[in-house]
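Visitor: Same order as they appear, the protein sequences are chains A and B.
Just so you know, we're using my numbering here: the first sequence kicks off at 8 and counts up by one.
Just so you know, we're using my numbering here: the second sequence kicks off at 8 and counts up by one.
Each hint should be verified, as a subset may be incorrect.
Remember, identical chains collapse to one label, so a pair may be satisfied in a single copy or spanning two.
[To be verified] Calculated pairs, DMTMM-like style, for lysine to aspartate or glutamate (alpha carbon to alpha carbon, straight line, at most 25 Å):
#, residue 1, residue 2
1, K476, E161
2, K476, E377
3, K419, D513
4, K134, E261
5, K178, D384
6, K178, D16
7, K9, D414
8, K419, E14
9, K439, E540
Worth flagging that the hints you see were computed from the coordinates, not collected in a lab.
Below are the chains, spelled out letter by letter.
Number of protein chains: 2
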Amino acid sequence: MKGLMMEYDLTIPAILRRAESLFADKSIVSRLPDRSLHRYTYADLGRRARSLAVALKDLGVQPGDRVATLAWNHHQHLEAYFGVPLLGAVVHTLNIRLSGEDLAYIVANAGDKVLLVDETLLPVIEKFRANVSLERIVVMSSTARPREGMLDYETLMASSDASRFEPREPKENDAAAMCYSSGTTGRPKGVLYSHRAIALHSMASAMADTLAISEGDVVLPVVPMFHVNAWGLPYTCALVGAAQVLPGPYLDGESLLDLFARERVTFTAGVPTIWFGILAALDKAPDRWALRPGMRMVVGGSAAPRSLIERFDKHGLRVLHAWGMTETTPLGSVAFVRSSLVGASEDEVYTVRAKQGLPVAFVEVRARGENGLVPHDGVAMGELEVRGPWVAGSYFSAPDDQGRFTDDGWFKTGDIVSIDPLGYIEIKDRSKDLIKSGGEWISSVALENALMGHPAVAEAAVIAVPHPKWQERPLAVVMLREGQKATEEELLEFLRPSVARFWVPDAVVFTDAIPRNATGKFLKSALRDRYREHVPTRI
Amino acid sequence: MKGLMMEYDLTIPAILRRAESLFADKSIVSRLPDRSLHRYTYADLGRRARSLAVALKDLGVQPGDRVATLAWNHHQHLEAYFGVPLLGAVVHTLNIRLSGEDLAYIVANAGDKVLLVDETLLPVIEKFRANVSLERIVVMSSTARPREGMLDYETLMASSDASRFEPREPKENDAAAMCYSSGTTGRPKGVLYSHRAIALHSMASAMADTLAISEGDVVLPVVPMFHVNAWGLPYTCALVGAAQVLPGPYLDGESLLDLFARERVTFTAGVPTIWFGILAALDKAPDRWALRPGMRMVVGGSAAPRSLIERFDKHGLRVLHAWGMTETTPLGSVAFVRSSLVGASEDEVYTVRAKQGLPVAFVEVRARGENGLVPHDGVAMGELEVRGPWVAGSYFSAPDDQGRFTDDGWFKTGDIVSIDPLGYIEIKDRSKDLIKSGGEWISSVALENALMGHPAVAEAAVIAVPHPKWQERPLAVVMLREGQKATEEELLEFLRPSVARFWVPDAVVFTDAIPRNATGKFLKSALRDRYREHVPTRI
Chain A
8 MKGLMMEYDL
18 TIPAILRRAE
28 SLFADKSIVS
38 RLPDRSLHRY
48 TYADLGRRAR
58 SLAVALKDLG
68 VQPGDRVATL
78 AWNHHQHLEA
88 YFGVPLLGAV
98 VHTLNIRLSG
108 EDLAYIVANA
118 GDKVLLVDET
128 LLPVIEKFRA
138 NVSLERIVVM
148 SSTARPREGM
158 LDYETLMASS
168 DASRFEPREP
178 KENDAAAMCY
188 SSGTTGRPKG
198 VLYSHRAIAL
208 HSMASAMADT
218 LAISEGDVVL
228 PVVPMFHVNA
238 WGLPYTCALV
248 GAAQVLPGPY
258 LDGESLLDLF
268 ARERVTFTAG
278 VPTIWFGILA
288 ALDKAPDRWA
298 LRPGMRMVVG
308 GSAAPRSLIE
318 RFDKHGLRVL
328 HAWGMTETTP
338 LGSVAFVRSS
348 LVGASEDEVY
358 TVRAKQGLPV
368 AFVEVRARGE
378 NGLVPHDGVA
388 MGELEVRGPW
398 VAGSYFSAPD
408 DQGRFTDDGW
418 FKTGDIVSID
428 PLGYIEIKDR
438 SKDLIKSGGE
448 WISSVALENA
458 LMGHPAVAEA
468 AVIAVPHPKW
478 QERPLAVVML
488 REGQKATEEE
498 LLEFLRPSVA
508 RFWVPDAVVF
518 TDAIPRNATG
528 KFLKSALRDR
538 YREHVPTRI
Chain B
8 MKGLMMEYDL
18 TIPAILRRAE
28 SLFADKSIVS
38 RLPDRSLHRY
48 TYADLGRRAR
58 SLAVALKDLG
68 VQPGDRVATL
78 AWNHHQHLEA
88 YFGVPLLGAV
98 VHTLNIRLSG
108 EDLAYIVANA
118 GDKVLLVDET
128 LLPVIEKFRA
138 NVSLERIVVM
148 SSTARPREGM
158 LDYETLMASS
168 DASRFEPREP
178 KENDAAAMCY
188 SSGTTGRPKG
198 VLYSHRAIAL
208 HSMASAMADT
218 LAISEGDVVL
228 PVVPMFHVNA
238 WGLPYTCALV
248 GAAQVLPGPY
258 LDGESLLDLF
268 ARERVTFTAG
278 VPTIWFGILA
288 ALDKAPDRWA
298 LRPGMRMVVG
308 GSAAPRSLIE
318 RFDKHGLRVL
328 HAWGMTETTP
338 LGSVAFVRSS
348 LVGASEDEVY
358 TVRAKQGLPV
368 AFVEVRARGE
378 NGLVPHDGVA
388 MGELEVRGPW
398 VAGSYFSAPD
408 DQGRFTDDGW
418 FKTGDIVSID
428 PLGYIEIKDR
438 SKDLIKSGGE
448 WISSVALENA
458 LMGHPAVAEA
468 AVIAVPHPKW
478 QERPLAVVML
488 REGQKATEEE
498 LLEFLRPSVA
508 RFWVPDAVVF
518 TDAIPRNATG
528 KFLKSALRDR
538 YREHVPTRI
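So here's chain A without its partners, still in its complex pose:
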């Protein structure tokens, strides 16, 4: 028997209606390439999103078509977040840091029809433009300078008219947005988000035990709008009426701190790399910026070392550790402190806050080891599998499921985790980065975090190198802090008290820079290639 409730679709147009009717005068601030601040409101956003939908329709964009963006975080990009789905089309954010080859593949695989590109990012499209067949390229800037073979965004908007917009109500399972997973193995794979996934994810992100985003928040997503929809924050903010601050291309520590202070930011989010930059600036001049006390800083994208959380606490800023993937829209888990830990030692609480956290509502998790599902004992490691209403069920235009789904329909994350008795997930490794030594698993992430606890270490990556007896052994690649010194033996001594004996790397090599991929993660495949022949020095 069916229930007798309304058929009400959870959609991006419904989110925008809410923002316009209740939060019309709340502000959206963008830093422009000339460093000036552009200010407008949700009322302006709604009107301009409709204008954009009209303009795109005039250009021939149909429901279901893909409209790509190549842009920083700013109001015009936000207009595409809402305007493209208003039309029933799909907003496809391209990662500006990918190679021309990858971008050409992605644009072709997605079948993008129109591209909206930042004026400052025009050099990026030259890397792939010749190899794709985009119908239109629209340049986003505030200058409206004419360019051969391209349209200008503001000129287009000026000749459009929001009042010509014909509302259409998408179904909640219709596609709304698209993002390609970074593809550290194989080709990038397209994730096609439904309206429903984004709407539910927005609700989940506002729940008290997740990110608790509220109307009173001023949210600055450092995470780029081309990384999983800026972790969904622009949609969550619109749903709850939070003010938004979009930092444009300026993501260095000082620029962000200036913006945090000036706009009274209460909530920000990004990958660990960003926070290291901010910590460095803060440590140098702790009193320079009047930040909102207790500003929440969500760290995701890769594991943050516990020392990062502790160091920000000293500045009165609250790091919240979260986990997610392109395939999970992305919020999967948040390391909030459970009530049973009230009164626990500082050490226990930090240990928990440095884990990836508890799964959010309606996201289910389990971990599978070589002998089936592993117990939640905080020790046994297995590959994290998830399911939920905002988890991808398949990839776009992919020949098969890429081996990423179980027979019973769970998504295989590729993350090797343990789950403790309280339910906290801890990422031990990416499955491809796991070191398999003599039939045992060694977590490269645990070794890296331990190494980064050494005062002389700026960054550390641990990789597997082939070994004749143990199949694989760990090798640490270390970048020291400027002006600091440490020897291989010192670092290995430093590790010994905190890890199992067989986990201690066979060698430490020092480097000036650890290569990163387009999303800022260590590019371990390059390191493995570089050090493949590294001769084990121990055991």
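Chain A is fixed; fit chain B onto it per the hints.
Guide: Then chain B, alone, in the frame of chain A:
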């Protein structure tokens, strides 16, 4: 084009899976009829819910069948909340305070197959048992005393076995629960909640700007589990892992305060009547109970006067005003304080907190007056219309839509409201209680709240009486506080500065008790009958 996300149904079984996997050891405390406390955990709840599902299946209950309950708030009732939907059947909560005639109508209209009834409420079923055809009656108690023609709940559970449970995954639009609207006009009407509606409502109730229920909360629903699923709190708590405290039949101020203090309750919810009882006890002995500072108290069901909020603030307890209906699962709006009111005067903030609030995420509202939709100016009155994913789309087994739905599919609430420029809804009246005087509308609720601000007034109801010239005029029916005195002229003088001249009632009559309906609301129809012939003394 469809998105490519998982098909994941939002269901009560999914909520229970989450509670069992993450919050197995969190506590559920029930006060039993002998005043002792029964304690167990979500792990126990899950196991017993499955046992109940098996037992009901053994009794012949099929998916889609209705299983009625007639019970206070306690753990066995909670087991029915989960166990019945686990089986794919519908848990139908009967209001213990309805007349035998109404209960007979409701049980027959719903087609209830099995009834679970509290031992202490057996006298209630005698009022209607002869007129309905229930297949089975199961008595919930801890005594297991055999009774002619009835089964015993604990005996049934002892012979059942959770391990025999065969999981079935309902679709999210399947029916899960049922509740009849109190029917102040016409027959009671059945609302049939889907799994989806309850699941989304649970997420919404945990959002930061609504009730913000979190894992750290200890939640005591004073609101009965037969009023709109205790406002959904048992499901919300299970989703987020909050501890639950169920007060059984003891709802007087002192009993509740004892339980608040003993169990360290952080969140409670109920109708204004309950809070008046608690205030009286607190005012009498302010230091007797060590309550959790900042305990949140949600007030709904009918409008609470501003004075209630102010008086609780003096005790360090935080009243949160909310609005909803049986037809809205029920959460529709919450009066959280918007950021634009930070720094506003105490008076402005209290004014806003005494309104019914802003619509929650994905609930859309509008108000329709005699000339169409009214502006959001805080003055114009209209009937509130709502739509959203947890709003009823039709009634169960009703011949037509009862005139309660607009042509474009919104639900007509019957509440007369104004909406201010910040979006706050304020209920001015039920449409049937509105006083229409000389072509103008007069809000009985506004007059009642103003009268209840007088120190001598305990309760006040204002009703329309027929008038030869003005069609209708307001009449105030007042119950004074024990030992207090006030004259008609004093009360009318008291009103004059705060209301329009033509709003001042034509007369005040004093009474020892104002009649209430089964949900604790003033029974104005009875008052209108009683005072129909009351001769206007003024104008």
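Visitor: Hint by hint, note whether the structure agrees.
Guide: Each hint tested on the structure:
1. Taking the shortest alpha-carbon separations for K476 and E161, neither the intra-copy value of 64 Å nor the inter-copy value of 62 Å comes in at or below 25 Å.
2. In the homo-oligomer, the alpha carbons of K476 and E377 lie at most 25 Å apart inside one protomer (21 Å), although the nearest pairing across protomers, at 86 Å, exceeds that limit.
3. Proximity of K419 and D513 under a CA criterion of 25 Å is satisfied in neither setting, with 31 Å inside one chain copy and 72 Å between copies.
4. Neither within a single protomer nor between protomers do K134 and E261 lie at most 25 Å apart by alpha-carbon distance, with minima of 31 Å and 74 Å respectively.
5. Proximity of K178 to D384 under the C-alpha cut-off of 25 Å is found in neither arrangement, the shortest distances being 42 Å within a copy and 33 Å between copies.
6. Taking CA atoms no more than 25 Å apart as the test, K178 paired with D16 passes in both settings, with 6 Å inside one copy and 16 Å between copies.
7. Only between protomers do K9 and D414 lie at most 25 Å apart by alpha-carbon distance; the minimum there is 22 Å, versus 29 Å within a single protomer.
8. For the homomeric pair K419 and E14, the shortest alpha-carbon distance between copies (16 Å) is at most 25 Å, but the shortest distance inside one copy (32 Å) is not.
9. For a Cα distance limit of 25 Å, the shortest separation of K439 from E540 inside one copy, 19 Å, qualifies, whereas the shortest one across copies, 85 Å, does not.
Comparing the model with each numbered hint stated earlier shows that hints 1, 3, 4, 5 do not hold.
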